[in-house]
Amino acid sequence: MWKPLSFCLFCLLFFSTLTYGFELIGPKTTLLKPVDSHSHLKVGDKAPLFQLPSIEGEKVALRGLLERSHVLISFIPGAWTPICSEQWPGYNIMEEIFRSHNTILVGISVESIPSLRAWIKYLGGVWFPVLSDFWPHGEVAKSYGVLRSNGIAERALFLVDRSGTLRLVHIHDINQRPPADIILNALKGLKE
Amino acid sequence: MGIFSFVLLFPLMASGADEFHLLSRISFDLPSEKDRNYLGVEASQVTISDINAELIILEVFNMYCVHCQAEAPRINSLFEDVNLLYPSGQVKFIGFGAGNTEMETEVFKGKYKVKFPMIPDSDYRVHKALGEPRTPYILIFIGKGPEVGRVLYRKIARPLETQEIISILESNLRENK
Chain L
1025 MWKPLSFCLF
1035 CLLFFSTLTY
1045 GFELIGPKTT
1055 LLKPVDSHSH
1065 LKVGDKAPLF
1075 QLPSIEGEKV
1085 ALRGLLERSH
1095 VLISFIPGAW
1105 TPICSEQWPG
1115 YNIMEEIFRS
1125 HNTILVGISV
1135 ESIPSLRAWI
1145 KYLGGVWFPV
1155 LSDFWPHGEV
1165 AKSYGVLRSN
1175 GIAERALFLV
1185 DRSGTLRLVH
1195 IHDINQRPPA
1205 DIILNALKGL
1215 KE
Chain Y
113 MGIFSFVLLF
123 PLMASGADEF
133 HLLSRISFDL
143 PSEKDRNYLG
153 VEASQVTISD
163 INAELIILEV
173 FNMYCVHCQA
183 EAPRINSLFE
193 DVNLLYPSGQ
203 VKFIGFGAGN
213 TEMETEVFKG
223 KYKVKFPMIP
233 DSDYRVHKAL
243 GEPRTPYILI
253 FIGKGPEVGR
263 VLYRKIARPL
273 ETQEIISILE
283 SNLRENK
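The listed protein sequences correspond, in order, to chains L and Y.
Each residue of the first sequence is one higher than the one before, counting from 1025 in the working numbering.
Each residue of the second sequence is one higher than the one before, counting from 113 in the working numbering.
Pulled out of the complex, with its shape left as it was, chain Y reads as follows (with noise of 0.2 Å):
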């Protein structure tokens, strides 16, 4: 019985947990020059405390999700919208296609012409960090400071909520100043 319930609680303590620091451990590749330039990283090779932000917005996505295939055109308006708030760079974008190879994952960026990086999780493991969530999911968290890794929001975005999104965004940036 003890078994059953840590079965159906783990995915509760997972998204309980400090996300940040499971996804710290997962290293991934980033062979364009322009996303290693856009997340202000060197190395090729890197994990998610390596992005240079003060806040990083993390989807996680599948090609073949119906609901990440709708919110695609939003979530490339909200990535709009943040950069014309924050020019400077202080909110930075990246998604993993949950169980999707590299073809995939270009596949989808290359559909809905996303332009911040996307990286992809064929084994899951950023999926499985994150406590396996239903897709499209958004998170976001602290990238550097003294609260760096703390969770502000994470939600899955059926439909994206842009206005929360954006209010998180002000806040948090207004009260790092």
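Just chain L, with the same shape it has in the complex (with noise of 0.2 Å):
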């Protein structure tokens, strides 16, 4: 009867010991600011133009693409994290659905392009274009207002339209996951 009892406290303590000591040791998981900065744009407003290198070696000009078709830009804090690789895997699912929209995604990030190359290598690549607006450090993010106080990018999402006008400016907290709902109605709401 006691073996039993004893196992169990035996489990017990251990279990204890163990999750007291990752509290001493291990990471602490702490939430940031959910929005750090304040985006001077809204929407009907004429977007920024940019140009920025991708990771594949080319310099992508946001009025090159705006000849082709409207734009989304998703700004992400920084690769490596869990929700920016599961944000950008998600739209990777996408394609169709922004094609049919006649509509272009285009994802930036402030690090440096060997990091955000090796990063998107790991997820297994993805369908969009990939800039880095690592220097002059966060030239594009500044310029979009999403540029926060540490020196990352706001979790932002920007459409533009053929004509360079906003039509979705969305700040959303960096510690969440937009749902892909605010990107799915603002396409719907594109007229060509």
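Simulated from the structure, these hints should not be mistaken for lab results.
Glycine included, C-beta positions come from ideal geometry on N, C-alpha and C.
One or more hints might be untrue.
[Stated by the list, open to error] Here are the in silico distance ranges between beta carbons for each label pair:
1) L:S1187 with Y:Q157: 38 to 48 Å
2) Y:P185 with L:A1142: 40 to 50 Å
3) Y:S136 with L:S1187: 52 to 62 Å
4) Y:H133 with L:R1087: 54 to 64 Å
5) L:D1060 with Y:R246: 55 to 65 Å
With the hints in hand, could you dock these two chains into one complex?
Shown next as structure tokens:
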């Protein structure tokens, strides 16, 4: 009778010690300030133009993209982080939806090209251009009003129609994944 | 310290508990008539215990999960194989999109042309009832009879063990005959 009881007691003490140890040495998961910047941009404004290097080695200009289609810009805070590593793979299965709305998705991060390239390779690749806003650091993010005070970008979405006008300005809680509904509803609102 | 133990052990306790009865308390909408016909239910708001099947294969997925995306074609193949083996509908499939909205669930279903019902689990109720497993997660349990709710298989499908699942279906449906 005492054997099972002793075993349970041992397990309880063992796991308590283990979890207490993790509390002491493990990294603390702390939430960041949900939104740290105030974008001056609003729906109806002209989108700031930019040209950035992609991880494929080419220069990508917003003006050039707008000649062909509407553009959805997705700023993310950082590669290799749990939420960003889900957000873009989610968009990766939405290619047909974007194409059916004559919209190209563009991903922007303030990280360097080697870091972004390695991360995208780790994710298995994406169909949309991934641009590095590393240097001058966060210049494009800043022009959209989404550069946080610690140098990373907000988790933000901007939909630019072919005339260069902003149709969606959405800055999401950096700690959460924005529902795809935000994009899908904005795409539905576009008219050719 | 006791609280720390409870926090660590809770997922293990939940996975060892009777998932079926936890799931049976969660109702979900089935707006599609096609889905209602497939699952053999009449009401548009049902629980897992309303599904008319001898065995139920439940998948927990997440549209944003690369593993779920990678396994989706294999799960579709399993669905086709099972329908060929059991054409009278003894085995039913149902998927729950953990943390996914209705639109996100539809994106996933449309992308991979999933033919079985996929239900949004936007508030993670189903996911939590199963002990918050990593995805894609496959659970097989008995859907009717004296052993209703008994879990036959529960695993993270990375990768999906198609042959093992088919064997489980075969042995259990044979036993029930």
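Can you name, in rising order, the numbers of the hints this structure does not satisfy?
Violated hints (numbers, rising): 2 and 5; every other hint is consistent with the structure.
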